[in-house]
Amino acid sequence: MEDSLSLFEDAVHYLDISGNLKIIKETAWKFKKLAMELLVYRFDITVNVIDLMELSVSLGHLLLYHPIKANALFQQVICTAVSELNLLSPHISENQISVRTKLTSLPRSRATEVKTYSQLSSMGPGYICCTGVIIGKSETSKYTQSTRYICPNQSCEGNAGNHFIRIHVPGAREFETIRKDFKCKFCGQILEEVVSCRHLSDKMIADIIPEYYLKSHHQSRFKQQTITLVVRDELTVTLRIGQKYTFIGIVRRDSYSDKMITAIEVNSALEDFILENASIPRSMDNYFKYKREYSFSKVLAYFFGGQISAPGTFMKLKLSCLLSLAAISNKQIQPIHILAVGRDTEILHKLFQYAMQFTQRSVGYSSGNHLVSKVVPDRYNSSNYFIEGGSLLIASEGVCYMGNITKFKKQTLERLQSALSSGKVLIDVDSKFTKGQAVSIEQTLSTTVWANAEKLYTKKPKEDLLFTGDCSVPRNLFESFSIVQITDGEEFSHNEEVDFHVSYQSLKMSMDDEGSSFNIPVSFDDFEQYFKHIQRIDVRISPEAEKLLNRYYLATRKARNLSDGSVISSSTLSTLIALAQSHARLCLRNVVEEEDALEVIQLYEESLTIMFGPSILSVLSMPHIPGNLLEEYLDNQKNKSALQRFKARLQQFYGLHPGHEE
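The UniProt record's numbering puts the first residue of the sequence shown at 1, with every later residue one more than the last.
If you are wondering where the hints come from, they were derived from the structure by calculation, not from laboratory data. In this text the structure is predicted, and so the values were computed from the model without any measurement. Each hint should be verified, as a subset may be incorrect.
[Stated by the list, open to error] Derived pair list, reagent style DSSO-like, types lysine-lysine, alpha-carbon separation capped at 30 Å:
| # | residue 1 | residue 2 |
| --- | --- | --- |
| 1 | 32 | 22 |
| 2 | 409 | 547 |
| 3 | 115 | 32 |
| 4 | 30 | 142 |
| 5 | 374 | 142 |
| 6 | 547 | 298 |
| 7 | 532 | 640 |
| 8 | 102 | 409 |
| 9 | 69 | 22 |
| 10 | 259 | 432 |
| 11 | 350 | 298 |
| 12 | 183 | 215 |
| 13 | 298 | 69 |
| 14 | 25 | 102 |
| 15 | 547 | 558 |
| 16 | 115 | 259 |
| 17 | 115 | 180 |
| 18 | 547 | 331 |
| 19 | 102 | 69 |
| 20 | 115 | 22 |
| 21 | 259 | 298 |
| 22 | 180 | 215 |
| 23 | 69 | 142 |
| 24 | 424 | 532 |
| 25 | 409 | 424 |
| 26 | 424 | 547 |
| 27 | 69 | 215 |
| 28 | 115 | 69 |
| 29 | 142 | 183 |
| 30 | 142 | 180 |
| 31 | 350 | 180 |
| 32 | 298 | 331 |
| 33 | 532 | 331 |
[Said to hold, decoys possible] Ranges of calculated distance between the beta carbons of each label pair, as one might list FRET restraints:
| # | residue 1 | residue 2 | range |
| --- | --- | --- | --- |
| 34 | 521 | 23 | 54 to 64 Å |
| 35 | 271 | 613 | 24 to 34 Å |
| 36 | 532 | 435 | 43 to 53 Å |
Beta carbons are placed, not taken as given, at the ideal position from N, Cα and C, and that holds for glycine.
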C-alpha cells in the first residue's frame, strides 16, 4: 500500500514538474468548452525516461518494464486530478479517461535495443527501441479505439450509464475490444455493444530494416531482415517510405494468414539523423593550409578514387562526385544528380561504386527491382494493399545508383525522368486494390541519383552526339540530371593516354592485392573521416556569390534560348546554388564566396557545352588533366588568375545577354 501511494505521489510530482499537468488542464478545458458529454476523454502525456528515473527509480522501472501498469497509474492520477480540480463533470468515471503515454527517448542497452528480427522473440513486456528505414507500408485502415457495452436486461443497473467501456491498450488485438462474450458484472448476462458509440482510428503496418543493410546492397538481399511494426493514430500520417526513424514500442504477437508474426507496436517514432564528430584528417589539413583559397577542391578530386583510376584521370567526374557527396548529408542542400557518359562504362561503374562507400545508404538499381514501388495485396490482411518501396524511395538521404541506363526500358527511363524533373515520386495504386478509382500517392524525392551511359561513336554531326543513335538516352532525361559529364576527351591521343594509365593501374592492383604499391597521400580512411567532418558545416550564401549565380542563370538561359523554348530549365538556379553550397563545404567554408560560385559556374558551363555546344565563355571540355598540365591545374596562384580571367568573360557574357534579376 505504501509503495502504491509513493508511486502515485511520484507520478503527480513528475506530471507537475514536466509541464504535463498544465497540458492536462488545457485539454480538460477544451473538453469543457464543447458543452457536451463524451464517452471517452483522451489525454496525451510525454515522458522523458531519464528525467523520470532521476526523480523516481521505482516509477521509471515500472514504466520501462511494465508499461501497461504504468499507464494505468497515470490514468488514475489524471482522473483524480480532473476530479479534485473540478476540471470535468464529477459524473465522469475512471474508465472514461484514456491516457496515452508517449516516450521522448529510451536509454539504449542490451535489454532494450533491437537490431535484428530474431531478437524480438526474447524480449519481455517492457519498452524496446529499434532504429531502421521504412521499406514498405500498408494502406491506412481502421481499428476500434474505444466502444461502449450495455446489459440487455433493462431492469439491470448495467443497462444504463458507462459501466462497460472498452478502450484499446498497446499490444491488444481487435477482438479484445470487440467481442460477444463480455458478461455483465451485475447480473451475468452477455453484454451488447452500442455500435453508435464505437470510435475508430487509423492503423498501419510497416516493414523496416536496419540502415547498415542498405550500404551497397540490393533489395533482394535484405528482405529477410525486415522487422514488422504496428503503427496507430497520428503516426500513420507522418511515416514515409525510405525515412529513417528510431521507434520505441512494445513487442506483440499476431497471427496473419495462419502464420504467427512477432512485431513492435509503436509508441513513438523519432526521426533519426545523427551526425558523427570527426576532425579534419592531418593529410588533408596540410593541403588545406597551402591550397585553401583556390585549389583545395581540385586537390581533393586529384586524390579521390586514386586506387580506381590514376590521379589526373576523370577529374571532372570525381569533382562532381565530391560535390554530390557533400550535399547528401545536409537536408538544406538539394540532391545533385550525376550522369557520366563514356566509352568505358566499366571504369565509370567502379568510380561510382567507390564513391558510394562514403554514404550511409546506397542502393543499386537493377531491372529485377522496382524503381519507385510495387503495390501488392496486404500479406498481413489488415488492409487492401501493401506498398513495397523501390530503389528511389529506399535510397532516401543516400545514393541510388542506376548503372548503365541505356540498358533500361523506355517506361523505366520515363519514370526516372519524371522523378528527377519534378523532385517527386508517384506511387500508383491500381483500382483493383482501392475498390474504386485508382489513386496516386506523392512523396518528395530526397535521393541522389547517379548513372552512367555508354557513348557510341559514329560519323554523325557533333550536335547529334548525345541525343540520337550515339547515346540511346532521351534528351529530356539528360537535361533532368543536375550535371552531365562526358568522360572521353576530344583528342584521340589523350583518350589513349587515359586508357593506358587506367589499364596500367588495374594491372598493378591485380598483382598487388594489398595495394601497397599505391602510396596515395590521402587514403580512403582520410576521405571517410573528412566527409564525417563536413557533415556538420552549415553554409549560407553571400550576396556577392548569389548575385553571380543569379546573373549567370539569367544570361545563359537567354543565350541558349531555342525556338521551342529555353533549354535551360527553371531548376537550373537551384542546382547552381546547391553546387556552390557543396563546393563551400568541400573547402571547409560556412559561407559561399565568389570563388565557389565561379568554380561551379565553370563546371556547369562545361556540362552545358558538352550537351548544347559552346558559348562565348569558351569553356573547354577537360574530363581528364594531362600529366603535363597537372602542376598548373593544381597551382594556387595560377588558379586564382584563371578564375579572374573567367570572371571577366562572365561580365562580358552578362553584357551581351542582360536579364532582369529575380
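Does the structure break any of the earlier hints, and which numbers would those be?
Hint check: 2, 3, 8, 12, 13, 17, 20, 21, 22, 27, 31, 35 fail, others pass.
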